[in-house]
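*Asks:* The chain contents come next:
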Amino acid sequence: MGKYKMHILICSGAGCRASASELIQNKFELVLKAKGLENEVQVVTTACFGFCEKGPIVKILPDNTFYIEVKPEDAEEIIEEHIIKGRQVSRLLYAATINKEVVSNAQNSGLHKKQIRVALRNCGFIDPENIEEYIARDGYSALGKCFEMLPQTVVDVIKESGLRGRGGGGFPTGLKWEIASKYKADQKYVVCNADEGDPGAFMDRSILEGDPHSVLEAMAICAYSIGADQGIIYVRAEYPLAIERLKVAINQARQYGLLGNDILGSGFNFDVEMRYGAGAFVCGEETALIYSMEGLRGEPTIKPPFPTESGYKGKPTNVNNVETFANIPVIINKGAKWFSSIGTEKSKGTKVFALAGNINNVGLIEVPMGTTLREVIYEIGGGIKDGKKFKAVQTGGPSGGCLTEKHLDTPIDFDNLLAAGSMMGSGGMIVMDEDDCMVSMAKFYIEFSVEESCGKCTPCRIGNKRLYEILDKITKGEGTLNDLDLLRNLSGVIKDTSLCGLGQTSPNPVLSTLDNFYDEYIAHIVDHKCPAGRFKALLQYAINPELCVGCTLCAKNCPVNCISGERKKAHVIDFEKCIKCGACMDACKFNAISIQ
Amino acid sequence: MEQMIKLTIDNKDIEVVQGTTILEAAKIIGVDIPTLCYMHLEDLDIEHNPGGCRICVVEVEGRKNLASSCNTKCVAGMNIKTHSMRVLNARKTVMELILSDHPADCLVCAKSGNCDLQTMANNLGVREIHYKGEQSTYRVDYSPSIIRDMDKCIMCRRCETMCNVVQTVGALSAINRGFETVVSPAFEMNLEKSPCTYCGQCVAVCPTGALTEKDHTNHLIGDLADPNKTVIVQTAPAVRAALGEEFGMVPGILVTGKMVAALRNLGFDRVFDTDFAADLTIMEEGTELLQRLDAFLKGDKKVKLPILTSCCPAWVNFFEHHFPDMKDIPSTARSPQQIFGSIAKTYLANKMGIKREDMTVVSVMPCLAKKYECQRDEFKVDGDPDVNYSITTRELANLIKQANMDFVTLPDEDFDNPLGESTGAGVIFGITGGVIEAAIRTAYEIYTGKTLEKVDFVSFRGMEGVRSAKVDFNGLELNIGIAHGLGNARKLLEEIRDGKSQYHAIEIMACPGGCIGGGGQPLHHGDASIIAKRAAALYREDAGKAIRKSHENPYIIKLYEEFLGKPCGELSHKLLHTHYFDRKDVIE
Amino acid sequence: MAKIKLGKDKLDKLIEICKSFNNESSELINVLHQTQKNFGYIPAEVQEVIARELNVSVAHVYGVVTFYSFFTMVPKGEFPISVCMGTACYVRGSDKVLEEFIKQLKVPVGQLTEDGKFSISCLRCVGACGLAPVVTIGERTYGRVAVGDVADILKEYQG
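Protein chains in written order, with my numbering: chain A, 704 to 1299; chain B, 6 to 593; chain C, 552 to 710.
Simulated from the structure, these hints should not be mistaken for lab results.
Source: prediction; values computed, not measured.
In silico EDC-like pairs for lysine to aspartate or glutamate, Cα to Cα no more than 20 Å straight-line:
#: 1; chain 1: C; residue 1: Lys554; chain 2: B; residue 2: Glu193
#: 2; chain 1: A; residue 1: Lys1006; chain 2: B; residue 2: Glu64
#: 3; chain 1: B; residue 1: Lys97; chain 2: A; residue 2: Asp1186
#: 4; chain 1: A; residue 1: Lys736; chain 2: A; residue 2: Glu776
Based on the sequences and whatever the hints tell you, model everything.
*Replies:* Dropping the structure here:
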């Protein structure tokens, strides 16, 4: 990091940007200038540190101090105290929620325990808009190394590493490259799938924002090994910052001769262009993605033919997602053996998860495959928010399922998650507590699938709609036990007959909640109650006769006159007439009315 | 060499060529896997297998989900079950889902009894719809030719393929997403506001009642019952080659005599033949060809070649919408339907001593675009159309059924005269290549002054989308182009626009196969071999005719003598020719 | 032959956009992005021009516009409100926040208020899950929005 003595790293991931990290950056720069320090201390914007819950985050290098919830007005104090006097500003340090131990070193915070950063190795450590910093951390050396290898040897290294696709399916990456390399064509393409669409997932965005060059380098390596000379990044239009950083990175790489013709004097040509998604989840499916790149509706087609045989413009096309690519340069540099030493037997390396929901430390984490859910939720995630009870964790987004208490000690890898009725997916991990209704969660995900279905095949187009309608009926207390049979049969048929991966996995949230939270379905249907108290239609207001003094205030406030009782005697609510407006409860001065 | 692979279907071992789909392989061993969205019109080289409906799913051992047989290729060693319990349950559930978003008004639906969806639901034994919920509702779109009732659409998207891939018209597209997905013109406008040509190929392949023709039989029955009206009818050549199919007769049987008898039974005052008008069209179009050719050869720079035929109204709509810059290239001769109407309401009305407004002219056509054509303003005199109603082959079959006739046993009857006599040249108008063949038979004799000994131009015939042939006109070699299907027509038009066309004359028919494959014909339900059988029937009728050249038709000769004067003369121009419009939207 | 009125400035701009993508039909989605950036939305007349310039059918353009939720045919409000409905926001109550916006502004999702000031839309995950539930208004992002905050937030814009 060259001439500067110290660096102030300011997170500019979307989360922190939303909390005014730009203003903070300006303020730091102003204060430094005022104090004549601008040539000694550099302010750098970096990508997500993974600790979004406590953003905006500011990190001071070289001592790696980690400040949370920084406001622009804190700049003065941080510079005065920390930079000039070398004293930490203790009120801005992160106090771990559980033991109140104050953590100042980023490496020691609970969030960073148990983590190994492979895909995220540079995120938060370099200025993503400066190629020099990427190069300083071994950037583009893997590409150079590849040029000394035969393309097939590169494929072999990736195969040997055991890397599997991080976008959802977990297909062995090396094998995919090998297939693409075998097809003969005048033109081949390397596509980076950056259409991250799972609600609650932001792994890819963080990598693109924090370390765009690792993706470009990996694409070039892939192109070299399969014999392509054109790369395309398909990125969500909803990620303007990622798009901006990619553009900067592509331009810089071209200037440095790392993209373009005759890269590093190897005679190998490769360049990258960008395409933008437009708000269609299904375009994460690779055949749909290719149609979308061709300017068409993103409707999947059956495979085979796989894109590796016939993809973009009918040419062999290798599609990998962002996180998969981000692993590639490290594998080349450190070797397949090193990579495959991390993880479980069939799932090698690490996985990035976006930890969200009702958990203390929301953020981005990267753990070795095989880490248990308990370690992720309690040790890294700091446990459930507000001391509530853990209920479930949803993995794999709308295609995944809900895992429960009994799965907490399951080591996370592709196969274990599948066996437990969920899936790895792209890495969204959403934690739910006792107040979350699992029927409504299933409904939420099915609603997502209904909205995002491309409409091409019957089971996904109409089947998911019907699933939604049945679930809606159940959450309103109008369900029957027969509906549960219908849900099961229909879910099975949708899985069995849908055209693409989106449809084939869309009923997973229904099936996994039916398996793990059958009681909640029964409570909605038989008892007409939502155990989590989520639905108005299923709420019941009741008067506790022991607390009621018969003041009649509730009856006077009831808009439909459904409360009766004599003065000074306990009153009663007629459930049939009650419209669940809650006016009685607000009126009662004796806390005698509660929701059941 | 083709590589063979072995697999097992329903416990039967089979060997197929690599690349064969499961559906095709099953067919070889007599297993008919049900399909709904799939369509393969082999003879016409049209394939549509999006794999969207999921009715054709089968179980492949070792695979985690079911495979759609229409677009999954056989792999060596596959073990396939086409009717396991898992498959049957899936198929039935998928069908229930389709029906759960489909109106249950089969009893009064125009497609009842002729509906692929209805047949399939019945075959699958669906007796209850377990999944109920919201149904799609759309406004019904009435155009002059086609009715779109998208509540009945099952998203097979065959229409989209016909409209965009085959016809390259681009009136329709899938719009929206998920449950709201439907096939529609842009901005959910009416078809009338779109570049639709009314070729009716969407209707011809629709498996449900979502796309049907506008029915004119009720108006017609009213006029037939009106004692003050003289109702005459003309029947297009392609109708007689297909009408029998509606009554269970095998495809390819000509029912000309029975059709005439049935029309007379229905109460038409005169039963005429559009073939007569086809002969008259040849006189006009052939003459125009020779005039343009002559001027062109003499170096007249204002004259353009090739000349394009103009008897197909969907084709006329196509170039008015898509190639308005070339609207002076097609012949100005009206279509046989309109030529007939024009002559009927002038020459014939005069001969019969009745007033124009007391005559109703009905046409029976294999076509939906004719419904639109006959109500064009330029074919009306003081608001009175030359042809009052155009009904399809299917509508005629319906009328015959309503009139309690046992069509199959009807005795043959002959057309009335004078507008009922035709030559073999008029008959083959119904097939791709037929119009140009008929025109050459006449043009050759007029140009060379010699008798054409061999009237069968085999090189013009066939089902290939674009064909070309050379004809020797006494040392002058004429290059003839033929295209059927508007996508093929587009290719030839673009050649002309780019100045690369080698042709002197081109025949274009909008429908694949020509009129015999028209949008108003009995439904082929995916079996395109029917179209070739209809073609063979018309060629048979041509071969059996005593007169096979239009200019030798005695009634045509008489018509020119008594009324028109000469081909392309002043009266001809007024009554038998037309002009075209630029229908492309202008954006300012 | 129908006439479609658009105005020369707009027409020229559209032709320029299409040209910058070499009038290639495979660039349709890029053209639509660029168009929406310039015009704020993609009305029917604009789609007609794009179709003509890229030599595809209008039905096709409309089919693509209606497939992708990012594209809109109705203008957005001066202050477009987007409520994140990603899972993280949902489990932290963004559905209730959305309801409150609808209640206060008296317009359904996807429509403009009478004064043209506000429009409400839902979006899927802006990736700021740490701030859930998240609402964006124009360029500004509001984190940890509670139902009770809605009125105050709107006040900032109602002036």
